[in-house]
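**Student:** Single-letter residue listing:
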Amino acid sequence: MALGLEASLGNTVLTTKLDAVINWGRQYSLWPFIFGTACCAIEFMSAAASQHDISRFGAEVVRFSPRQADLLLVCGTISYKQAPILKRIYEQMPLPKWVVAMGACASSGGIYDNYCTVQGIDTIIPVDLYISGCPPRPEAVLDALIKIQEQIRGESILIDRHNDFKGILD
Amino acid sequence: MTLKEFSTDMNAKALEKIKAAFPDTTCTTVLDSVVVDVQPENLESTLSRLKNDPAFNCGLLLDVTGIDYLDYPTPQKFRFHVVYTLRNWQDNLLVQVRTAVPDPQAGIATATHLWASANWGEREVYDQYGIRFNGHPDLRRILNHWQFEGHPLRKDYPIEKGQICYETDRLENEIRARLFENGIDETTMKDINTEIMFLNIGPSHPATHGAIRILTALDGETILANVNEIGYLHRGFEKTAENRTYNQIVPLTDRLNYCSSMINNIAYAKAVEAWLGVTITERAQFMRVLLTEFYRVLDHLVCLAAALVDMGGLTNYWYLYNEKEAAYDLISRLTGARLTSSFTRIGGMYRDFYEGWEKDLELQLRGIEKGIGDALKLVETNRIVHDRTQGVCVISAETALSYGFTGPVLRASGVPYDMRKDAPYYNYEALDFEVPVGTNGDIYDRFMIRFYEMAQSIRIIRQAMQHIPQGPINVKDSQVCLPPKDQVYNNIEGLANHFKLIFEGVKVPAGEWYDAYEAANGELGFHFVSDGSGQPYKLKVRPPCFYTMGGFHKMVEGNMIADAVINLSCINIIGGELDR
Ligand code: SF4
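So the sequence lines, in the order shown, correspond to chains U and X.
Just so you know, the first sequence maps onto residues 1 to 170 in my numbering.
Just so you know, the second sequence maps onto residues 171 to 750 in my numbering.
Be aware that a few hints might be false.
Below, computed lysine-lysine pairings styled on BS3-like, alpha-carbon distance capped at 27 Å [to be verified]: (1) K325(X) / K677(X); (2) K325(X) / K87(U); (3) K547(X) / K591(X); (4) K183(X) / K677(X); (5) K166(U) / K147(U); (6) K166(U) / K677(X).
Derived from the structure by calculation, the hints contain no laboratory data.
Predicted model, so just to flag it, every value in this text is computed and none were measured.
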């Protein structure tokens, strides 16, 4: 997740302050990519619309190009047919990136325990945060956003997360 | 003569007529439909006569489905059957043609040359049951991925056996075949002095509002050929339903068309009640009409809001979507959930309206009317909107019918078929409303029809609010509805009754039937096979937008790529319903 400059520093230099300032920037300008497949995406629409207004958290620039996004929000059921696409999109996102599984389906397959539904997207890509609910309320989406921001605050720009992830498609 | 008697009478007449026309078949009436059992070798001639003979004139092929009788308690001579559901909407004639399939590998004759909707319908049967259709132009999987092996709706396919897909299908042969069909071959490509560009929209693209893959072959920006791939949201509704009791399926129906979940709940409950012979109470009927229309408005609001965003008009989104958001207050107060209502039960409703709902609803309606008015002001006489939508992506009434279109999209092409008028239920015939019909079948008509339908729905809601009677909302039948809680807690019969209904489910007599409902997107039908237990042996949904999507290429070919984007949003494809 390094920026480039500090990558060459290795871990020999104290980078606490750099961490703080970069994380501050990353936290409040998350650009989400909405991988909306099903009913949960409708609740995301509500989270983005005027009443709940996701822009209060600096995350309203919804990008539909993975190359411009750093937060992957998976809203809805992922079927086996969909899985390779999800993986491809995740791979197209530049580092650093975070993944939120919104709703029961994305987290665990939800009410669909059957032949076509992936039992949780964490079998395909690494997930940072799960939102419970079927569908989760828009407030829960905002809550997840705040939690991700908190998580970002504690991270170091020198450590790549999820380097050793292996999913069913790898 | 009441309407009920009238339709029974009509049914009897239709039965006579069909019996006379097909002497060597067995014909029966089941609910509103005439069921014709034919030998496989007579299937094609029967279907073609039903379609082409003016006496029957079945212009709509609504659905095709297979049945696997492997575990059915009454043994059948052949394991597989196929059922075609046809409708003559002018005379309210519903016909189901059933045939046995002696050998699924050898298959039966296709009906694709009679109705274009058979193309996707039969592909689904092939995918789910492995029954072949001879002469089908493009028989391949549709809902499951191409690396899938076996056929999931066969009774010997274990429900939990998932199969990993490593790669998406290329669709190269399909698009080339489609180009060829449209008369574009190597020489034309040379002539136009350019190379054809292949462009994928989706499966994950902002314009697809979900997951659909639209593969186009382009000359500049003009679409020469288009092939679509669906099934990305196939969640196994039908297989899952076979393992649930009738009431447990209600939450699953929420997730079909999730923009109007309540309509699915109601359509499903109505279909089960029809076969049970249960007539729900007056109040429940009014509640269902009221809520159906309210959800129809909400569905159209979301569709239009998103469609106008695709055209570049973000302001409309706030005008329209904010009203939908506001409606959640009323809905969550009523049902306990915002999106997934699960509000019906077999035999009635989950609960009654709360105290003071009329005021809330009226307030909502006013808000919605204002939102619609504001949005209309922006689009109705807007030159840009007109230029982009009028005369664009036109589909004729004939083609639309052939592809099995129903609902607003069909009516936009000038066919006034609306089940609320042509095959009414729940006292719709007593309500005063009109069915808006388009003239050109272009995007503009498809947009405007939704605006006008919302106004009509609001009219219906206001009438229903005036006339809704007091009274119980559930039928008093201990075999169908749960007993009141004080009986469950205080006496053993009540407890046993509750326990049995929950664990075993409502016992539904053995048989097969089809029942339909005018949902926001068109005719939403359910085809059941019951073995007499508390769980359906088979449950097939007739999803309106599946067939609309089947005709998508007919609308967009010859138009520009940007038109395809707004066309997709104006036909309101909802993944949950499309792929189930
Ligand atoms: S979690 Fe529930 S609401 Fe969300 S996609 Fe799954 S079924 Fe739909």
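**Student:** Next step is simple, just say for each hint if it's right about the structure.
**Tutor:** Status of each hint after checking the structure:
no.: 1; hint: K325(X) / K677(X); verdict: holds (21 Å)
no.: 2; hint: K325(X) / K87(U); verdict: violated (32 Å)
no.: 3; hint: K547(X) / K591(X); verdict: violated (30 Å)
no.: 4; hint: K183(X) / K677(X); verdict: violated (32 Å)
no.: 5; hint: K166(U) / K147(U); verdict: holds (25 Å)
no.: 6; hint: K166(U) / K677(X); verdict: violated (47 Å)
Violated hints, listed in ascending order, are 2, 3, 4, 6; each of the other numbered hints is respected by the structure.
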